[in-house]
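Protein chains in written order, with the numbering used here: chain G, 1 to 106; chain B, 1 to 250.
Bear in mind the hints are in silico, worked out from the structure with no lab data behind them. Among the hints, erroneous ones may be present.
DSBU-like mimics (lysine-lysine), calculated; alpha carbons at most 30 Å apart, straight line [what the hints assert, rightly or not]:
no., chain 1, residue 1, chain 2, residue 2
1, B, 103, G, 27
2, B, 240, B, 194
3, G, 27, B, 240
4, G, 27, B, 196
5, B, 23, B, 103
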Amino acid sequence: MSEALLILGMFLVTFSVRYVLFGVAGKVRFPLWLTTGLSFVPPAVLTAIIVPAVLLPRGELWLQSDNPWLLAGVFAALVSFWRRDLLTTIVAGMLCFMLLRFGFGL
Amino acid sequence: MNCNVMNQDNASLKRREMLDGAKATVPLIIGAIPFGIIFGTLAGPSGLSALGALAMSVFVFAGSAQFIALGLLAAGAATPVIIATTFVVNLRHILYAANLVPKIAHLPHRWRVMMAFGLTDETFAAVSNRFLLQDNTEHAHWFYLGSWLAMYGNWVLCTGLGIALGELFPDMTDWGLDFAMSVTFIGMVVPYLKSKPMWGAVIVSGVIAMATIGMPHKLGLMVAALCGISTGLSLHLLLKRQSAPEITHE
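Just chain B, with the same shape it has in the complex (with noise of 0.2 Å):
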């Protein structure tokens, strides 16, 4: 492309790639339109007002941890135990962060604060292909942002929906609808289970939960995280040294 043209078209530039980064999320946020509703429709039932759901919706923005707080608050967890659960929830996150930076790193910081905070399972999704993927990421940055912005509008759009529908249906909540969040979650962990390692950390993950269903503040899930993802960690270092002298005699 001339250079000329491209100062003259910078600014259409931009749009178009926000355009492109809000598209490339459509699938996403056809999959995340019920789960903001149903986030909505069970706040009330699960002692969160309509306010406080919109606001962590608007504040905190992590679907699933979201999700799981109203779990533990419905079972009556005190806050601190609630904030670690999301904390130890959202550690993925982590993962998603330490792939992109190389490709962001240049950026001012008030980008990447901004950035930081659309961080989504599905954001990330959409973004990695432009931005690993592609050579030219010069304006990927915006990109991002229209991907961000068309997924925190539709997450903040239906849970004002939910909040709606809960308090023109309050049975709703004997419907079982929860069980769309275990649904969601059963579609999650599935695609994860290809090696031996991954099939041990949440074989000893499920079992420990149950055993430790009766610890207050529903600890237990937790203590059942930490020993699935030490049991992975440790299956996944044994196989390792394993075949490590297998490699070396070929």
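Looking at chain G on its own, in the form it has when it is part of the complex (with noise of 0.2 Å):
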């Protein structure tokens, strides 16, 4: 039931994003500094979200060289930063950390 209520909510608030503007169909414009303040909208959460996923992956702060999520998560951003592509970033930091984790044990 509270899982019916969440995929609805989730629904409406995700459509509801992406109807409006197609919905009033340009009749309204947006101020300049909301449009800006929009393009902060993807780093700033996903950042929020990485950053804890990758220094407290089992829920405590893991910083020591030890933790593969902490060591793949840096290969990533520098491969990302290197190339600049989606797929790459994603398969060299997935076989960063698979190594880490199965060839390294860590």
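Now that you have both chains on their own, put them together as the hints suggest.
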């Protein structure tokens, strides 16, 4: 039941965001500061998810050099700066992570 | 093209647009396959039923928000928090809509509803060239339809595949596949880092996310994101004001 509520709520907010401008069909214009502000949304939100996921993969702060989440995360960021390609970053990051976890048993 | 031929071939023209739209989306679909599968795999261990996971892919159809919802569910966040976070995460789609709306404003309302539902990062990336860089956009909405049907079908299919795999190999969750989400997001964030305001937004967001880790219901995520966005916007306005006089001197 609560699952149905969750999915309904997620559907409503997601669809509303996607629909609002299509619905009014260009009759509303955003002020420039709002458009600029929105451009910071994806990197800010995603970073707020990544940093704790990589630094606290098991729920506790893990800053040592034996944390495969942290090491592979840094590696993936470097690959991304180098190649600027999403698919390359994902494949390289996952390979690095798998190697650390299962190759070196970290 | 001759008018007669155009009338005759209207249906086949639409079909070709749809096919072209699907084709243009293929590279992005290849990228989305692992996430769909991993989303399905991680759903059960995060506390979402198989049916719930499938329903989420069918109705919500927003990859990164769905991943984040799983993370929040696993952390025991309350339903309103997950919905509010979904809203913040998906706000970026307004930007896509703002770009496309001048080209689609003339279409019937049912078309615009359908297009809104399918407005994902991938479909926007695939259709923006067609809509914004090519002249003849009379049938381009069929291109859009082809792109989103391909994307949608793949997303739902991969979710189902992931659910099945998760049930076949229950210990898959110990493998650390959640790292796939982190690595995907890293690959999405880095290309943004081209200006001081972006760096500011990301650094503040990351630091605040760590500082607010103890907040109930994972509210830290939203606090951190909002702090990051305000930092970025403030830096942007500040730098613009500083550089404005120089431009007038030239």
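Do the hints match the structure? See the list:
At most 30 Å may separate the alpha-carbon atoms for a hinted pair to count; residue 103/B and residue 27/G meet this at roughly 13 Å. Our distance criterion of 30 Å between C-alpha atoms is met by residue 240/B and residue 194/B, whose separation comes to about 16 Å. The straight-line distance between the Cα atoms of residue 27/G and residue 240/B is roughly 28 Å, inside the 30 Å bound, and the hint therefore holds. Restraint check: the Cα-Cα separation between residue 27/G and residue 196/B comes to about 33 Å, which exceeds 30 Å; the hinted pair is violated.
Straight-line distance between C-alpha atoms of residue 23/B and residue 103/B comes to about 21 Å, which keeps the hinted pair within the 30 Å bound.
Hint check: a violation occurs at hint 4 only; the rest are consistent with the structure.
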